[in-house]
Amino acid sequence: MNLEAIKSEIEANVPGCRLELVANPSPSGQHSLLLDGEHAVAVATYLRDAAGLRFDFCSNVTGIDWPGKEVSQTATARKIVDGLEQEVEEVGTTAIPGYLDVVYHLYSVEKKHGPLVLRMRTQDRHSGVHLPSLTPVWRSAELQEREVFDLFGVFFEGHPDLRRLLMWPGFVDHPMLKDYVDPDDYEYEPTAHDVVLRRVNQHRSEAGGR
Amino acid sequence: MNIATVPPAPLDSEPVTEPSKEQLLEISMGPQHPSTHGVFRMKVVLDGERVVRLKPVFGYLHRNHEKIAESVTYLGSMPYTDRLDYMCSITNNWGYALAVEKLAGIEVPERAEYLRVICGELTRLQNHACLIGFLMQDMGSTGTPLMYAFREREKILDLFESLTGARMMCNYMRFGGCRVDLPAGWLDRAKKVIADFPRFLDEYERLLVSNEILMDRTQEVGVLSRELAVSAGISGPMARASGVDYDIRKVDHYSIYDRFTFRVPLGSHGDVYDRFMVRLLEMRESVGILQQATRAIPAGPIVDPKMKIRGFRPKPGEAYGRIESPKGELGFYLISDGSPNPYRYRVRPPSLINLTVLEDLCLGRNVADIVAILGSVDIVLGEVDR
Chain A
0 MNLEAIKSEI
10 EANVPGCRLE
20 LVANPSPSGQ
30 HSLLLDGEHA
40 VAVATYLRDA
50 AGLRFDFCSN
60 VTGIDWPGKE
70 VSQTATARKI
80 VDGLEQEVEE
90 VGTTAIPGYL
100 DVVYHLYSVE
110 KKHGPLVLRM
120 RTQDRHSGVH
130 LPSLTPVWRS
140 AELQEREVFD
150 LFGVFFEGHP
160 DLRRLLMWPG
170 FVDHPMLKDY
180 VDPDDYEYEP
190 TAHDVVLRRV
200 NQHRSEAGGR
Chain B
0 MNIATVPPAP
10 LDSEPVTEPS
20 KEQLLEISMG
30 PQHPSTHGVF
40 RMKVVLDGER
50 VVRLKPVFGY
60 LHRNHEKIAE
70 SVTYLGSMPY
80 TDRLDYMCSI
90 TNNWGYALAV
100 EKLAGIEVPE
110 RAEYLRVICG
120 ELTRLQNHAC
130 LIGFLMQDMG
140 STGTPLMYAF
150 REREKILDLF
160 ESLTGARMMC
170 NYMRFGGCRV
180 DLPAGWLDRA
190 KKVIADFPRF
200 LDEYERLLVS
210 NEILMDRTQE
220 VGVLSRELAV
230 SAGISGPMAR
240 ASGVDYDIRK
250 VDHYSIYDRF
260 TFRVPLGSHG
270 DVYDRFMVRL
280 LEMRESVGIL
290 QQATRAIPAG
300 PIVDPKMKIR
310 GFRPKPGEAY
320 GRIESPKGEL
330 GFYLISDGSP
340 NPYRYRVRPP
350 SLINLTVLED
360 LCLGRNVADI
370 VAILGSVDIV
380 LGEVDR
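For the protein sequence lines, the chains are A and B, in the order given.
Each residue of the first sequence is one higher than the one before, counting from 0 in numbering that gives the first Met the number 0.
Each residue of the second sequence is one higher than the one before, counting from 0 in numbering that gives the first Met the number 0.
Isolated chain B, as found in the complex (with noise of 0.2 Å):
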C-alpha cells in the first residue's frame, strides 16, 4: 500500500492504554551496536532519556573455550588464549603459561622473564592508548584521538610481528619460558619506539586531558564507590580508578616485576574521567617499566631445559595462578587428573566481571552517558563471552 494512501488515524479517537505519569521505554541496546565494542546487548528501560533499569545479555560470542580446552593438551590451547582478549594476547599467554607453571612447578629462566615483561608491557601500552581512542570515539570525537592511538599501536605490533611472526595472535609464551629468542636488532628498535612514546602521551595529554567537552561528558559519570568496587570483584585500572590499592604486579610479586621501581596511580572520584586518567598515568609507568627492562635484560637461555614439550603432563593436583593484564586480573584455574589433557580449564576474565557493576553505574544517567560508561569498563567481547 502506497503510503499517501493510509487514511490518518483520527484525532478523537481513544488511546489504547491508559496515560501514565511515567511511561517507560523498553529499548535494545546491541548487539549490532557500534558502541558496545562487539556483539554485546543491553536491555535499557528508559523513563524518557534516564534509565531506569539496565540488564545485560551476554552469549553471542560464546564456544565454551573452556570445554574446547578439556579435550585438547596443554599447551594445545596455548593458540586458543590468544583468541580471548584479542587486543591482548601476549599477557593471555602469560596468565595460562604463569598457571601451568604454578600447577607443575616449572621454572623461568631470567631471560625469558625480562622477555615476559617487555612484550606484556608493551601490549599494555597499546591496549590502553587504543582504549581511550575508543572512549572518545564512543562519545563522538571522531577519528583523531584513536588515530593517533592506532598509529603508536602500529609501531608495537610490527616489534611483534618482528618478534613472533603474528601482530595480532601471537602465541608468545611456553611453559617455562618463551617461543623464540629476539631477531637482531629488536632490542634497539624497541628502544627507539620506547623512547618515542612519552612525546606521543605528551601529545595525547595536551589534546584531551584538559578538553572541556570531554570534562564535561565524564566526570561525575558512572561513579564506582570504592567499597562496591572490592565487593563487586572489579580489578585492574578499573578498581584503581575507584582508590582500590591493588596491583597484582606488586601484590603477587610475580615475575621479575619486584626489581622495576613503578607506581600504581590510583583515582579518587572513580568516575568515567578517573578511569581515563588512571590508564594514560600507567603508561607513564610502564615506558619506566620497559626502559628498565631493556636497559638490564640478560643473556641466557629462553625455555627451562628440564623441561618437556611432548608428552607434558603434570602430576594430578590443582592450582590458581593470576596476572594483572591491562584488562584487569587474568587468572587460569587448571586441574590436573595426570593426563595430557586440562581435567578442569576455567578463565577468569576480568572483562566479564567488571560489567558486573554496569547496571549500578547507569542508573538515573542519560543514555548517552551508557555509551561512555561501558567504554571506560575496556571490555572485549571474545573473552566475555569466551
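Chain A on its own, in the form it takes in the complex (with noise of 0.2 Å):
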C-alpha cells in the first residue's frame, strides 16, 4: 500500500494529527510514518480499525538511540586584524541535540499486507523521554515496550505495567544507549581461596620458607 495514501486518508480521519514521511534511502523501501505523541493513540487506533487498513498486528517494537552531535563549520569574516581589515575562518560549532526513536512495525492478519513503519520521536534523550503507550491498541506492544524502558529509558505514559524487564529491579542506566558505560564498581568477593592461601603461606614460613 502506498504510504502517502495511508498518510493523507489518516489525516482526514483524525483531525489535528501532525504526520510526516520518514524516508529510507535502502533498497529495501521501508519507509515509516512519524508520530505525533499526542495525536498517536488516536492514530494508532484508526491504523487498528479502519476497514481498508485493518493493521491489527503489530510485530515489532524497539527503539533507537541517536544521540547529539557537534558539527563544526567554517564561516569566513571580514574583521578588523592589526589595524587592517582581513577576511578571518571562524570555526564555529553547532550541537545538534540528540533524541530516541521508537519504531513499530504493523502488519495486518486479515488483509494480509504489511510491514506498516510507525516511529514516535522524544524530545531528548534524558528527561524529555515521555511518549504515550500503545499497549492498549496493540496488546503484543506489553513486553516490548518494557524492554524498551528497560533498554533505552523511554517512558510510555499509560502502560499498565512499567517494570525492567531483562535488567534487575535495582538496576540505574540503560544499557542500550550509545554512550553506556560498564559499572565498575562489582564488589569485590572475599572466596575461601584467600584463606587457604594465607594458611598456606603460614605453613611455608613455619615449615622454613620452602
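Because the hints were derived from the structure by calculation, they are not lab data.
Among the hints, a few may not be true.
Stated by the list, open to error - According to the in silico footprint, chain A covers these stretches of chain B (three or more CB under 8 Å from chain A):
1. 63-72
2. 164-175
3. 312-318
Where a beta carbon is used, it is the ideal one built from N, C-alpha and C, also for glycine.
Hints given; two lone chains; assemble the complex.
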C-alpha cells in the first residue's frame, strides 16, 4: 500500500494529527510515518480499526538511540586584525540535540499486507523521554515496550505495567544507549581461596621457607 | 539444636494473623525448575491449587545480544544468531541473512534458496518433534516420546554435521547464499531420512493422538482466543492453533516457498491439544516440502558472485526482514549508517512475544496445568532473554 495514501487517509480521519514521512534510502523501501505524541493513540486506533487498513498485528517494537552531535563549520568573516580589515576563517560548532526513536512494525492478519512502519520521537535523550504507550491498542507491545523502557529509558505513559524486563529492578542505567559505560564497581567478594592461601603461606614460613 | 528437643508449639496459641476466607500462597516456579525449559521464573499466586496471578520474570540469560552485534561487523554476528534459539540455528541464520539482503539489496542464487529451504524445513521437523517430546515429558510421560523424538533428531543433526561441520551451532548462511555446498552423497542420505520420517510420525500419532491421559490433560486447557492471539502478536504454530490463518511462508512469499504446494494446518479450539496437533500436522507438510525441494534442486552457484565478503558496508538505510521460524515470526530490524557495523540491530524474538499471554492462559487453572501450557508455548530462553 502506498504510504502517501495512508498518510492522507489518516489526516482526513484523525483531526489535528501531525504526520511526517521519513524516507528510507535502502533498497528495502520501507519508509516510515512519524507520529506526534498527542495523537499517537488515536492514529494507532484508526490504523487498527479502519476497514481498508486493518493493521491488527503489531509485530515489532523497538527503540533507536540517536545521540546529539556537534557539527563544526567554518565561516569566513571580515574582521579588523592589526588595524587592517582581513578575511578571517572562524570555526564555530553547533550542537544538534539527540533524541530517541521508538519504531513499530505493523502488519495486517486480515488483509495480509504490511509492513507499515511507525515512529515516535522523544524531545531529548534523558529528561523529555515520555511517549504514549500503544499497549492499549496492541497487546503485543506490552513486553516490547517494557524492553524499550529497560534498555533505552523511554517512559510509556498509559502502559499497564511498566517495569524493567531484562535487567534487574535495582539497576539504574539503560544499556542500549550509545554512551552507556559498563559499571566498574563490582564488589570484591572474598573467597575461601584467600583463607587457604594465608594458611599455606603461614605453613611455609613455619616450615622454614620451603 | 536437635529436632527432638524443640518444644512443640502450644495448641491453644493465638494465630499470628486472622484467618481469611481465601489464603493466598505466593510461590516462585523457577528459575531452576526443569519444566521451565531453561532459566525462566514465574511468580505464581495460588488460592489452593488455583492460579490467581502469574507474573513471568525474564532476564536470567540476558547478555545484550543486540549491543554485542552493534560492536562487530555484519557477518560477525552470524555465528551469534545460532545461540538465540539454539534448537533451530539454521532458521536464525536465515532470518538474519534475509534482513541483511533486504537492507543491501542482494539477490540469492536459486540453488542457495533450495539449500535454505531444505535446511530450514529439516530444522522445523526436529524442533517440532522435540517440542512434542518435551511437552509430554513435562506432563509426566517420562522418557518414551522424548526419546523417540531425539532418535529422529539425531538423524537430522547428523545431516547438519556433515553439511556444516556442527550439529547445533551450524552458522550455515551467508549474505547472498550459503557457506558450503552439499558434500557427495548428502542429498541421497537426506532423501532417505525424509522418506523414513512419515513412519516416525505415524508411530508418534498412534502413541499420542488418542491417548486418554493426554487428552484429559490438554483439551480445554490454556485456551487462547483468536482475537487475543492477533492483538498480542502471537505467531507461528501457537497462533495457528487458535485459528489465525497466518503463515509468513504464504503471506510474504519469501525465498522460493511459492514453488511448493503445502497446506497450513489450523486449530479451532486454541487449547494445548490443538497446539500439539498443529505441530504434528505441520511436520507432515514440511516432509512434503522437503520431498519437492530435494527432487527439484538445480545445479549452480551457492552464493551471489557480486557479494563482497570482506569490507561489506551496506548503504545507509534500514530494513525489517522476517521469516516463519519453527517458533513463530522471527524478525531482524537493521539500521545501517554506512559503516561496517550495524548502527542498530534488533531481534524480534517469537518466544518472548508468545509469552505475553501466559498469564491469561493460566488464570483459573491448576498448578499442574501451568507446566503443560508453558510447554505448549514452545520457548527457548536463549531467544527470550537474548
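Each hint, compared with the structure:
Counting residues of the stretch 63-72 of chain B whose C-beta lies closer than 8 Å to any C-beta of chain A gives 3; at least three are required, and the coverage claim holds. Given as covered by chain A, the stretch 164-175 of chain B fails the check, having 0 residues with a CB less than 8 Å from a CB of that chain where 3 are the minimum. Coverage of the stretch 312-318 of chain B by chain A holds. Counting CB-CB distances below 8 Å, 6 residues qualify, and the rule asks for three or more.
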